[in-house]
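S.K.: Given only the sequences and the hints, what does the whole structure look like? Please build it.
Line by line, the protein sequences give chains P and Z. Per the numbering used here, the very first residue in the first sequence carries number 1; after that it's consecutive. Per the numbering used here, the very first residue in the second sequence carries number 454; after that it's consecutive.
Calculated from the structure, these hints are not laboratory results. In this text, all values refer to a predicted model and were calculated from it rather than measured experimentally. Just so you know, even glycine gets a beta-carbon here, dropped at the ideal spot from N, CA and C. Hints may contain errors.
If you want a taste of the chain P side facing chain Z, the calculated C-beta under 8 angstroms gives, among others [said to hold, decoys possible]:
(1) M201
(2) T203
(3) L318
(4) K356
(5) V367
Heads up, simulated DSS-like pairs for lysine-lysine below, C-alpha to C-alpha not over 30 angstroms straight-line [unchecked claim]:
(6) Z:K809 x Z:K865
(7) P:K356 x Z:K809
(8) P:K412 x P:K356
(9) P:K47 x Z:K809
Which chain P residues face chain Z? A few, computed with CB under 7 angstroms, are given here [said to hold, decoys possible]:
(10) V35
(11) D222
(12) A315
(13) L360
This is what each chain is made of:
There are 2 protein chains.
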Amino acid sequence: MQDDAWRELEALVETGSPTALADFLDGLEYEDRTVAVARLPEDARTKLLAALDPDDAAEIIGGLPDSQVTEAFGNMSVAEAARIVEELPSHHAADVVSEMEPERAAEILEEMDAADAAEVRALAAYDDDVAGGLMRTELLEYDADMAVGDVVADLQGNAERYEDYDVQYVYVVDSAGRLRGVLYLRDLLLTAPWRPIGEIMLTEPLFVDDTASTEELRSIFDSITFNAVPVVDSDQRLLGVVRRSALQERLAERSEHDYLMTQGIVGGEELRSMPMLLRSRRRLSWLSANIVLNFIAASVIAANEHVLQQVIALAIFLPILSDMSGCSGNQSVAVSMRELSLGLVVPREALRVALKEIVLGAINGTVLGILVGGAAWAYSGTPWLGFVVGFALLLNTMIAVVVGGTLPLIMKRFDVDPALASGPLLTTVTDMCGFFLVLTLASHMLPLLIGAE
Amino acid sequence: MQDDAWRELEALVETGSPTALADFLDGLEYEDRTVAVARLPEDARTKLLAALDPDDAAEIIGGLPDSQVTEAFGNMSVAEAARIVEELPSHHAADVVSEMEPERAAEILEEMDAADAAEVRALAAYDDDVAGGLMRTELLEYDADMAVGDVVADLQGNAERYEDYDVQYVYVVDSAGRLRGVLYLRDLLLTAPWRPIGEIMLTEPLFVDDTASTEELRSIFDSITFNAVPVVDSDQRLLGVVRRSALQERLAERSEHDYLMTQGIVGGEELRSMPMLLRSRRRLSWLSANIVLNFIAASVIAANEHVLQQVIALAIFLPILSDMSGCSGNQSVAVSMRELSLGLVVPREALRVALKEIVLGAINGTVLGILVGGAAWAYSGTPWLGFVVGFALLLNTMIAVVVGGTLPLIMKRFDVDPALASGPLLTTVTDMCGFFLVLTLASHMLPLLIGAE
Numbered sequence: 001m002q003d004d005a006w007r008e009l010e011a012l013v014e015t016g017s018p019t020a021l022a023d024f025l026d027g028l029e030y031e032d033r034t035v036a037v038a039r040l041p042e043d044a045r046t047k048l049l050a051a052l053d054p055d056d057a058a059e060i061i062g063g064l065p066d067s068q069v070t071e072a073f074g075n076m077s078v079a080e081a082a083r084i085v086e087e088l089p090s091h092h093a094a095d096v097v098s099e100m101e102p103e104r105a106a107e108i109l110e111e112m113d114a115a116d117a118a119e120v121r122a123l124a125a126y127d128d129d130v131a132g133g134l135m136r137t138e139l140l141e142y143d144a145d146m147a148v149g150d151v152v153a154d155l156q157g158n159a160e161r162y163e164d165y166d167v168q169y170v171y172v173v174d175s176a177g178r179l180r181g182v183l184y185l186r187d188l189l190l191t192a193p194w195r196p197i198g199e200i201m202l203t204e205p206l207f208v209d210d211t212a213s214t215e216e217l218r219s220i221f222d223s224i225t226f227n228a229v230p231v232v233d234s235d236q237r238l239l240g241v242v243r244r245s246a247l248q249e250r251l252a253e254r255s256e257h258d259y260l261m262t263q264g265i266v267g268g269e270e271l272r273s274m275p276m277l278l279r280s281r282r283r284l285s286w287l288s289a290n291i292v293l294n295f296i297a298a299s300v301i302a303a304n305e306h307v308l309q310q311v312i313a314l315a316i317f318l319p320i321l322s323d324m325s326g327c328s329g330n331q332s333v334a335v336s337m338r339e340l341s342l343g344l345v346v347p348r349e350a351l352r353v354a355l356k357e358i359v360l361g362a363i364n365g366t367v368l369g370i371l372v373g374g375a376a377w378a379y380s381g382t383p384w385l386g387f388v389v390g391f392a393l394l395l396n397t398m399i400a401v402v403v404g405g406t407l408p409l410i411m412k413r414f415d416v417d418p419a420l421a422s423g424p425l426l427t428t429v430t431d432m433c434g435f436f437l438v439l440t441l442a443s444h445m446l447p448l449l450i451g452a453e
Numbered sequence: 454m455q456d457d458a459w460r461e462l463e464a465l466v467e468t469g470s471p472t473a474l475a476d477f478l479d480g481l482e483y484e485d486r487t488v489a490v491a492r493l494p495e496d497a498r499t500k501l502l503a504a505l506d507p508d509d510a511a512e513i514i515g516g517l518p519d520s521q522v523t524e525a526f527g528n529m530s531v532a533e534a535a536r537i538v539e540e541l542p543s544h545h546a547a548d549v550v551s552e553m554e555p556e557r558a559a560e561i562l563e564e565m566d567a568a569d570a571a572e573v574r575a576l577a578a579y580d581d582d583v584a585g586g587l588m589r590t591e592l593l594e595y596d597a598d599m600a601v602g603d604v605v606a607d608l609q610g611n612a613e614r615y616e617d618y619d620v621q622y623v624y625v626v627d628s629a630g631r632l633r634g635v636l637y638l639r640d641l642l643l644t645a646p647w648r649p650i651g652e653i654m655l656t657e658p659l660f661v662d663d664t665a666s667t668e669e670l671r672s673i674f675d676s677i678t679f680n681a682v683p684v685v686d687s688d689q690r691l692l693g694v695v696r697r698s699a700l701q702e703r704l705a706e707r708s709e710h711d712y713l714m715t716q717g718i719v720g721g722e723e724l725r726s727m728p729m730l731l732r733s734r735r736r737l738s739w740l741s742a743n744i745v746l747n748f749i750a751a752s753v754i755a756a757n758e759h760v761l762q763q764v765i766a767l768a769i770f771l772p773i774l775s776d777m778s779g780c781s782g783n784q785s786v787a788v789s790m791r792e793l794s795l796g797l798v799v800p801r802e803a804l805r806v807a808l809k810e811i812v813l814g815a816i817n818g819t820v821l822g823i824l825v826g827g828a829a830w831a832y833s834g835t836p837w838l839g840f841v842v843g844f845a846l847l848l849n850t851m852i853a854v855v856v857g858g859t860l861p862l863i864m865k866r867f868d869v870d871p872a873l874a875s876g877p878l879l880t881t882v883t884d885m886c887g888f889f890l891v892l893t894l895a896s897h898m899l900p901l902l903i904g905a906e
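M.R.: Given below as C-alpha cells:
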C-alpha cells in the first residue's frame, strides 16, 4: 500500500484541474484510493468530491467512513450534494440522507429529481435494522404474462441501465405488483423465447416482510444458499430485495458499534482527523456521566471511612475487588450480547440466565476468593483479613455475573441500547456491593482484624 | 418466532424417525429452524445431524455457531462427519476442518473423496484474513477459445451441479489456467452462439492475489459495484473467487471477536448451553492473568500505606482515579482499533497518534481533574486534597490516552492480538501511574494535607 498517496493528492487538490485529479485517482490501486481520500484533511476532501464527476464522487463516497461522508455533504453546496446523492444506489442514498441534519437533508432532496427523492425518502423512513432499511430497490421485475423473449429483449435494450443493478434473479409479479415467483437469469438462457415467464418461474418464492428483523434475516440467509431475498409489504407487493452482503455489512456495523459503545465512544464513530474539540466533547459526555456513577460507588467507602481508618490494609484490596468484579461481570455481559444477537436468548428469559450464571459465579468466585484472600492473608499476616477479602470477592462475583448476564436482557426489553450503558451501570453496582460487603464484614470483625495486626 | 420449537424437536430426536425429523424441520420457518437446532442440548443436536440426510445436515450446519459445529463433528462417527463435510461448499468445509482437533480433521479428510479432501486441505492452509482463506473454489471457468454456444451448452448440461454455485460471473482463462477476462452471465444472452468468449469478455479484469489482506479487499469492494473478485496465485492462475458477502461476514466475525476479547471472553465464543466447567475454566484463565496485573498495580498502594494511613480520605478517591483513567484510556484504544481496521493508521505511526492524543488528554484531564478535585475538596474541606487528586487525574488522563492510543499499534507490530491484551495492560499501567502520582504528591504535601484536617 502507498501510505503517502494522500499527500500527493492533497497537493493536487490545491493546484490541479478536475481532469488531473480524476487521472491521479484512476492511477491508484483500488485499495489505495479510498484510504488516500479518507486521510485528506476535511476541506481538501470536500473540494475533491465537489470537483469530480458526480459518478466518480459517488463511487468514492461508497468507501468512506460515515462521519466523513456526512461532513463532506455538510460542507459542499446543496446543488453539488444533490448531484452526487442522485448517483448513489437508492439504499445508500437513504443511509446518507438519514445521517444528515434534517434541514440539510430536506434541502438536498428538494434539489433532486422528484421521483428519486420520493424513493430515497421512503427508504430513509425505515429503521436500519429491518428488511426495509437494508433492501435496495434496483431490481428486475416483470409481469408473469411476459414471454421469455420479451424479457430478454428488455434486458438487451436496457443493458446499460441494468449495468449497475448487478442482479442475479428476476422477480415475477402479477398485475397488482404482488410477488408471484422468481427466476434465475440463467433460466432465461435455457428456455424457448415464446414461453411466458410465469410458466417457468419458481412459484411460492421465499420472501420477507419489510419489517423483518436482522435476526430473522440472519437465520434465513444461514439456512439458504440464495444471495438475495425479496421484500414485500403487507399486501405482498414487491418493494425491493435484501442481499446477503447488505445484511453482513449491517451486522459488521452493529458489532463495531457495540464495541465502540462499550469502550465509551458514543455519539458516532471518532476518527483522529476530526476537530479536537468535537472529539474531546464527545468523550467527555460519556466520562462525566461515569464520574457521577463513580461518586455513587465511592460514597459507600466514605460512609465506612472509620473501618478503613482502623484496617488500612483494606484500602489496597478495594481497587482489586472493584476491578475483578467488573471483569467477571463484563464477561457475562459479552456472553448475553452474543446470545442476543444470535437469537439464542430472548429478553423474557432473564431468570434462566440468572440461574445459569449464579452457579458459574459460585465456582469462579470461590477460586478468585481463595487467590485474592490468600494474598490478603499473606500480605497482612492475619487470616481474618484474608477471609474478609476472599469472602466478599466470592459473594460479589456471584452478584457481578448475575447482574452482567441479565442487564443486557433487561435493557433490551426497555429498548435501551445494551452496549451503551451495560458496562458503566454494571461496574457501579458491583463497586457499591463490593465495597459494602468488604467494609461491612470488616466492621463486624474489627476486634479480630485489629487484634492480630 | 416460535421460541419453544426446540422442545418439540428434542422430543422428536428421542423418539422420531429420520423422516419425521426432516418433515418437522421442513415445517418450520427458516428463521426458526437454525435457532431451534442451536438451542438443543449437545447430544440431541449431534443425534439429529447424524440422522438427517447429509445434504440437509450441511444446510443446517451453515447457520449454527462455530463452537456447536465443532462439537457436533467431534461427537459423531468419522464416516457420518465425512459425508456431511463433503456436502459443504469448499470454503465452508475448510473453515470447519481448521476448527477441529488436528487428528480428528485428518481422520475425516481420509474418509472423504480424495479430490474433495485435497481441495479442502489446500483451503484450510490459508489464514482466515487473506483472500485465499475467504475465497470459494466453486466457479465457472472456461477457455478463451470456447464459443458462446458451447458455454451455454455446458451450463445447460450441468445445470444441476451449478445449482449450488450461485454464480454471476464467468471467468475466462488461457490454456495454462491464467485469468484473462470476465463475462457477466447476461453477456452470454446477448451474443451470437458462434463467437469465441475471448472476443466478448472484459479484458484486464480486476483480480487479487491469494495473499491480499482483508483491509485491501475492503477497499476494493468499497470502490467497485461488483459482488465478487477473482483470486489468482503468483503466476496469475485462477484459484477461486472472493464474494462481497464472504468479506463482510469475516469483518463481522472479527469485530465480534474484538468485542468478546476486550470483555474477557477468550478461547472462542461462549454459549450458555456449553458445559459449566468449560465455561468456568475459560473465564478463569483470563481472570487469573488479570489478578496478577491487579497485584502489580496494588503493590504501589502497599508501598505507600503510610501516606494513606495519614490521609485516609485518599482511599475513597483511589478507585475513582483508577476507573476514570481506565475509561479514558479505553476510549483511545477503541479509536485506534477502529482506525487500524479502516486502514487509516499503520503501526509505524504510533508517534503521530501519541501527539494527537496528548493534546486531547490535556483538555479532558483538565476538565475531569477540576470535577473530581472539586469533589475531593468539598468532601475533605481542604483545597490541597482537591489539588492532589485533581492534578494526579490530569496527569494520569494524559498518560492513559497516550498509552491507550499507541498500545494497539505496538501490539499489532509485534503480531499480538490488540483486542486481547490492550485493556488489561492499559488498566495496569494507568492504575500504577495513578496510584503512584496521587500518593507521591500527597507524601510531599503531607504537612499541608494533615494540617488542614
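S.K.: Quick check on V35 (chain P) please, does its C-beta sit within 7 angstroms of some C-beta on chain Z?
M.R.: With Cβ-Cβ at 5 angstroms, under 7 angstroms, it holds.
S.K.: Going straight from one Cα to the other, do K412 (chain P) and K356 (chain P) come out at no more than 30 angstroms?
M.R.: holds (19 angstroms)
S.K.: Would the hint on A315 (chain P) stand, with a C-beta cut-off of 7 angstroms toward chain Z?
M.R.: Status holds, d = 4 angstroms.
S.K.: If you take the shortest Cβ to Cβ gap from L318 (chain P) to chain Z, is it below 8 angstroms?
M.R.: holds (6 angstroms)
S.K.: Hint check: is the beta carbon of D222 (chain P) less than 7 angstroms from a beta carbon of chain Z?
M.R.: holds (3 angstroms)
S.K.: Under the criterion that the straight-line Cα-Cα distance not exceed 30 angstroms, is the pair K47 (chain P), K809 (chain Z) satisfied?
M.R.: holds (25 angstroms)
S.K.: Does V367 (chain P) meet its interface restraint, that is, does its C-beta lie within less than 8 angstroms of any C-beta in chain Z?
M.R.: holds (6 angstroms)
S.K.: Using 8 angstroms as the Cβ threshold, decide whether M201 (chain P) counts as touching chain Z.
M.R.: Constraint on M201 (chain P) not satisfied, violated at 16 angstroms.
S.K.: Given the hinted pair K809 (chain Z) and K865 (chain Z), is their Cα-Cα distance within 30 angstroms?
M.R.: holds (19 angstroms)
S.K.: Holds or violated: K356 (chain P) with K809 (chain Z), Cα cutoff 30 angstroms?
M.R.: violated (45 angstroms)
S.K.: Does K356 (chain P) meet its interface restraint, that is, does its C-beta lie within less than 8 angstroms of any C-beta in chain Z?
M.R.: holds (5 angstroms)
S.K.: Given a cut of 8 angstroms on the nearest C-beta pair, is the interface hint for T203 (chain P) held or broken against chain Z?
M.R.: Cβ of T203 (chain P) sits 17 angstroms from chain Z, so the hint is violated.
When each numbered hint is compared with the structure, violations occur for hints 1, 2, 7.
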